[in-house]
Amino acid sequence: MGKIGQFVQMDAQIIPILRTVAELGATAGDRLFCPALGGHPEDRAEYLALLPVQDSNGRLLDALAGMPDGHMDGVCAGVFAVDPFRPAGPFLATLRRAGVRAVANFPTTAVFDGETGETLRAVGLGPEREAAFLEQAARAGFAVTGFAADREVGRRLRAAGAARIVVHPGAATGDAARDAEAAAQAAAEVAALRRDGPGPVFVHLATGFAAHRAVLESEADGLVLLPA
Amino acid sequence: MSRDRRHLLENLRRACSGRHTLLVGAAIGTGMAARAAARGGADFLLALAAGRLRTMGTSSIATMLALKDTNAFVADFACSEIVGATDTPVFFGAGAWGIAPADLAPFMERLRDRGFAGVVNFPTVAHVDGRFREALEGCGLGFAGEARMLAAARAAGLATVGYFRRKAEALMLADAGIDIYCFNIGWNAGGALGVPSRESVLQAGNRARGVIKAIRTAHPGALCVIEGGPITTPQDMHEACREARADGYIGGSTIDRLPSESSIEEMTSAFKLVSSLQRRIDRLERRLDRDGRAAGLIGRTEAMVEARTRLEHLAADGGPVWVAGPEGSGRSLVASLLHARGPRRQRQPVTVDARRLEADWLFGAEPGEAGGRRRQGWVEVANGTTLIVTHAEHLAADVQAELAAFVDNGVFRRRGGHDSLRSSAKMVLVGTAALGDAARDGALIPELAHRLAHRDIQLVPLRERLDDIPLLVERFAAALRPGAGPVRLTPAAFRRLITYDWPGNLRELRAVVEQALHGAGDVIDAGALPPLDGARPSPARSGPDDGRAEREAEREWLLDGLRRHRFRRGETARFLGLSRKTLYNRMRLHGLLD
Numbered sequence: 001m002g003k004i005g006q007f008v009q010m011d012a013q014i015i016p017i018l019r020t021v022a023e024l025g026a027t028a029g030d031r032l033f034c035p036a037l038g039g040h041p042e043d044r045a046e047y048l049a050l051l052p053v054q055d056s057n058g059r060l061l062d063a064l065a066g067m068p069d070g071h072m073d074g075v076c077a078g079v080f081a082v083d084p085f086r087p088a089g090p091f092l093a094t095l096r097r098a099g100v101r102a103v104a105n106f107p108t109t110a111v112f113d114g115e116t117g118e119t120l121r122a123v124g125l126g127p128e129r130e131a132a133f134l135e136q137a138a139r140a141g142f143a144v145t146g147f148a149a150d151r152e153v154g155r156r157l158r159a160a161g162a163a164r165i166v167v168h169p170g171a172a173t174g175d176a177a178r179d180a181e182a183a184a185q186a187a188a189e190v191a192a193l194r195r196d197g198p199g200p201v202f203v204h205l206a207t208g209f210a211a212h213r214a215v216l217e218s219e220a221d222g223l224v225l226l227p228a
Numbered sequence: 001m002s003r004d005r006r007h008l009l010e011n012l013r014r015a016c017s018g019r020h021t022l023l024v025g026a027a028i029g030t031g032m033a034a035r036a037a038a039r040g041g042a043d044f045l046l047a048l049a050a051g052r053l054r055t056m057g058t059s060s061i062a063t064m065l066a067l068k069d070t071n072a073f074v075a076d077f078a079c080s081e082i083v084g085a086t087d088t089p090v091f092f093g094a095g096a097w098g099i100a101p102a103d104l105a106p107f108m109e110r111l112r113d114r115g116f117a118g119v120v121n122f123p124t125v126a127h128v129d130g131r132f133r134e135a136l137e138g139c140g141l142g143f144a145g146e147a148r149m150l151a152a153a154r155a156a157g158l159a160t161v162g163y164f165r166r167k168a169e170a171l172m173l174a175d176a177g178i179d180i181y182c183f184n185i186g187w188n189a190g191g192a193l194g195v196p197s198r199e200s201v202l203q204a205g206n207r208a209r210g211v212i213k214a215i216r217t218a219h220p221g222a223l224c225v226i227e228g229g230p231i232t233t234p235q236d237m238h239e240a241c242r243e244a245r246a247d248g249y250i251g252g253s254t255i256d257r258l259p260s261e262s263s264i265e266e267m268t269s270a271f272k273l274v275s276s277l278q279r280r281i282d283r284l285e286r287r288l289d290r291d292g293r294a295a296g297l298i299g300r301t302e303a304m305v306e307a308r309t310r311l312e313h314l315a316a317d318g319g320p321v322w323v324a325g326p327e328g329s330g331r332s333l334v335a336s337l338l339h340a341r342g343p344r345r346q347r348q349p350v351t352v353d354a355r356r357l358e359a360d361w362l363f364g365a366e367p368g369e370a371g372g373r374r375r376q377g378w379v380e381v382a383n384g385t386t387l388i389v390t391h392a393e394h395l396a397a398d399v400q401a402e403l404a405a406f407v408d409n410g411v412f413r414r415r416g417g418h419d420s421l422r423s424s425a426k427m428v429l430v431g432t433a434a435l436g437d438a439a440r441d442g443a444l445i446p447e448l449a450h451r452l453a454h455r456d457i458q459l460v461p462l463r464e465r466l467d468d469i470p471l472l473v474e475r476f477a478a479a480l481r482p483g484a485g486p487v488r489l490t491p492a493a494f495r496r497l498i499t500y501d502w503p504g505n506l507r508e509l510r511a512v513v514e515q516a517l518h519g520a521g522d523v524i525d526a527g528a529l530p531p532l533d534g535a536r537p538s539p540a541r542s543g544p545d546d547g548r549a550e551r552e553a554e555r556e557w558l559l560d561g562l563r564r565h566r567f568r569r570g571e572t573a574r575f576l577g578l579s580r581k582t583l584y585n586r587m588r589l590h591g592l593l594d
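The listed protein sequences derive, respectively, from chains A and B.
For the record, in the first sequence the residue sitting at position 219 is 219 according to this note's numbering, with numbers rising by one throughout.
For the record, in the second sequence the residue sitting at position 134 is 134 according to this note's numbering, with numbers rising by one throughout.
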């Protein structure tokens, strides 16, 4: 995900199945590999990637295990960065052996809001843990992309070594007005983070926000798109 | 307890029908916790992913995250560890997100076939709030799916527990024909991984009361229990249930994590502390050993520690001391140490045996009317040093009376003499009986016993300080093999030594060690020990008080007489009450002729 210039808007694609550039043809661009989204209906794949129907990181490792050398070149691996059973050091070493050179905290607990989000933060399974994982990844030489729900977390991720920030607008309620408000808020977070600079700030076109794409991308260097 | 749904529910209703009885369900994740909860009287068990995750060191809320396929995870540990481990019915914690509607029926049948008594919707979307919850509800991942799952469980003949947090959820459960309503107050507070609660136990109970009342209005007699939040103790549970009018309680963290955390912490701390204290004890014992070796008395037993303390105290002054103990218990050693650690240690002590002491030999004698010679007594000879009287109970009563007067003021008279003489001899009287016993038995006259009061050292037989045997063996071996490495006993050898009565006490032990060391290395095994049948092994080397001390004393006595008379043998012989020939022979024996 290193081809994005400061003034050129370019999108990144989340992919649940990794295909070669040749297979992808002309669409080859930045790709975020997240097998946890695979096998689920489109409208809920992002949510199920977060929920206890699978071992998200286990699926990533399984997918990486059978890949030939060079398959992950230019591809960022989506890591569930709050996994208490995979200590960051050994996990990152495993990813490196599998050819991974770039990581992002995706799926992200940023989707959990309200009391649940607060509780996750309180027990150390929230954004701070994700930031700590990314910080360790950056120190280990990985290119790091950080997903954040707001500017505060975005700044923390930048400080942790994230070269690129992706603002996540959260979950869509289905209520047009409230989702528009969330999109506008996300755009404001993007703008604030871009003002802070340096580094590009993307926005995630999350499930249910297609109708608000224009607002979301208005301030961003690019969009992160869910699998089509 | 029955796994048949109808029968199970009847049992549960009966269990909470008493005025002061509550249902208690234990939400656990290991076989150990299941068995313990069952032994504690849990009415039912819930095999939950959260219970397992807690034992893996993370918070219960991790059960909401994509760390495991929760249904496969629970099936794995619950089938192998929990179902069948006890007679207590087990509810399977199922996540509706991971079961396609078409798979619900076969899934429930599998659970029933594997011996589960029921199903509980856990993890549950009830724990999700905010916009994410709305999103989940909007895309078919909401609470209705859980209600459908529980309905499928009921249809399969399984009992059902429905977790809920909101009244709307409770109503959905009611529509599904749920058996037990579980009002979740929130994630559990308390402990290292708990979530701080924002409300008190009574507030939580009050909140639950409103919901439970609504359920019972619609479904009179519904079984309603509560779970989570600020409840961390049985008393909290009691108060919350009373406030909520609940039929019971489901404990998760409160039943496994909180007690485990605290008991493991306390127990580890206790082990750590004991270890630390033991190191301190070991240090003190080593110091004690060092002190003991320095004092010459080996042993950690209370009796030896006491004897050592008294020895240090009584050696420091010139007063008399009574040393008591059985043969071979180290009395002569103590007497020698009283001298060696006292202010008169520059001169050799004088030792006499009261059994062979004539009446006028202790204080000397002046020539009588019938003539005779002036005799210098042992008290006089021992002026400036220590006079050790062994077998002191054999002293005649009149001699004891004179001795009592002497130890009082250091003044004595020779028999038949009128002059008051002084001697600074420190009197060490060695006997067998304890001071009190010797006084009671009449072996010591009261005057002397009074003057010896609180100035006695009592040595115990070896059979009363068997714990000291390894130390004594090490000490004897070191003395017998100077420069060799330390010797230790094998457990078998130690067992043999401590089962023996040791009539000959230390002297006998020393002889046994000497024999055992023949051909032995640094370890003495039971096979190296000589027979211990009560017959004393003949000491290969004389004990410290066998004749040598007496010879030394005689030599000192002769020398003192000779010095007083400028080595004129005639005057010395007369003074000592010996013939010239006897004096000459004794001088030759002691090498004093050169």
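In short, the hints are calculated from the structure, not lab data.
Here the structure is a predicted model, which means the values were calculated and not measured.
Cβ atoms here follow ideal geometry from the backbone N, Cα and C, with glycine treated the same way.
Errors might be hidden in some of the hints.
[As the list claims (entries may be wrong)] Interface residues of chain A toward chain B, partial, derived using beta-carbon atoms under 10 Å:
{"hint": "1", "residue": "Ile17"}
{"hint": "2", "residue": "Glu115"}
{"hint": "3", "residue": "Leu120"}
[As the list claims (entries may be wrong)] To spell it out: a stretch of chain B is covered by chain A in this simulated footprint if at least three of its residues, at any positions, have a beta carbon under 8 Å from a beta carbon of chain A; those stretches are:
{"hint": "4", "region": "59–70"}
{"hint": "5", "region": "120–130"}
{"hint": "6", "region": "208–222"}
{"hint": "7", "region": "299–307"}
Against the structure, the hints come out as follows:
1. Ile17: With a minimum Cβ separation of about 18 Å from chain B (threshold 10 Å), the hint on A:Ile17 is violated.
2. Glu115: holds, 5 Å
3. Leu120: holds, 6 Å
4. 59–70: holds (count 11)
5. 120–130: holds (count 5)
6. 208–222: That given contact is violated, which follows from only 0 residues of the region 208–222 of chain B lying within Cβ reach (below 8 Å) of chain A.
7. 299–307: violated (count 0)
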